[in-house]
Amino acid sequence: METTRGAARQRTAAERRRRELLEAADRVVLRDGPKASMNAIAAEAGITKPILYRHFGDKGGLYRALAKRHTDALLSALRAALDAPSERRRRVESTLDTYLAAIEARPQVYRFLMHPSDDAAPVPEQGFDVGRHSAPLLRRLGEELGKVIAERVDLGPDSEQMARIWGHGIVGMMHAAGDWWLGDRPCSREQLVRSLADLLWGRLADAGDLPGGPGF
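Residue numbers (our numbering): 19 to 234.
Quick caveat, the hints were computed from the structure, so don't treat them as lab data. Cβ atoms here follow ideal geometry from the backbone N, Cα and C, with glycine treated the same way. A portion of the hints provided could be inaccurate.
[To be verified] Distance windows between CB atoms, simulated:
| hint | residue 1 | residue 2 | range |
| --- | --- | --- | --- |
| 1 | A91 | A194 | 19 to 29 Å |
| 2 | R45 | T22 | 32 to 42 Å |
| 3 | D224 | A32 | 45 to 55 Å |
| 4 | T30 | G79 | 19 to 29 Å |
| 5 | L48 | P154 | 32 to 42 Å |
| 6 | G79 | D224 | 41 to 51 Å |
With these hints in hand, go ahead and build the complete structure from the sequences.
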């Protein structure tokens, strides 16, 4: 019994230490954006780089942990927007705005996750490939959004497959349009939200809620 309690305490301590290191990494990313390095993160946490490697393996492992942390928060916010008690068009706009507001509020975090090898950054650390790491992040968002649509909207035959297609398509649209908008700022966030909602609205406006589902 004592051995079990000791192992549980060790796990709790390790999880707490991992959270502390991720918070230190977040501070460096907020300051340095795509130029955030393992050396800077280790210094911020007050440890050596080998200790940081012990917790995350390499920069790819740290990236995945940070991506999960921020993706979890974003998905929670998107679900809240989708579940808000308002009419469907307003919820579509609110969901789009939630995504855009998130990347606007923390552009350095967004750029670290999506563009860590930008020209403004130094040569990427050996073995780190942004495409290999960011693609699963976008895929996860697409799958999760597809599940939300499948739970709520009646798309007729093959509704589940159609919901997955829509989920990945909407995420791709949000990512591409948001990336362009964050870099160039060609219009207001409100205008971009309205324009993207207009693009989505055709079939979605006509589809009924799924019987027994939470509604959309």
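Consistency of the hints with the structure:
1. A91 / A194: 19 to 29 Å: holds, 22 Å
2. R45 / T22: 32 to 42 Å: holds, 35 Å
3. D224 / A32: 45 to 55 Å: holds, 51 Å
4. T30 / G79: 19 to 29 Å: For T30 and G79 the Cβ distance comes to about 21 Å; the hint holds.
5. L48 / P154: 32 to 42 Å: At 23 Å between Cβs, range violated.
6. G79 / D224: 41 to 51 Å: Because 45 Å falls inside the window, the suggested range holds.
In this structure, the one hint that does not hold is number 5.
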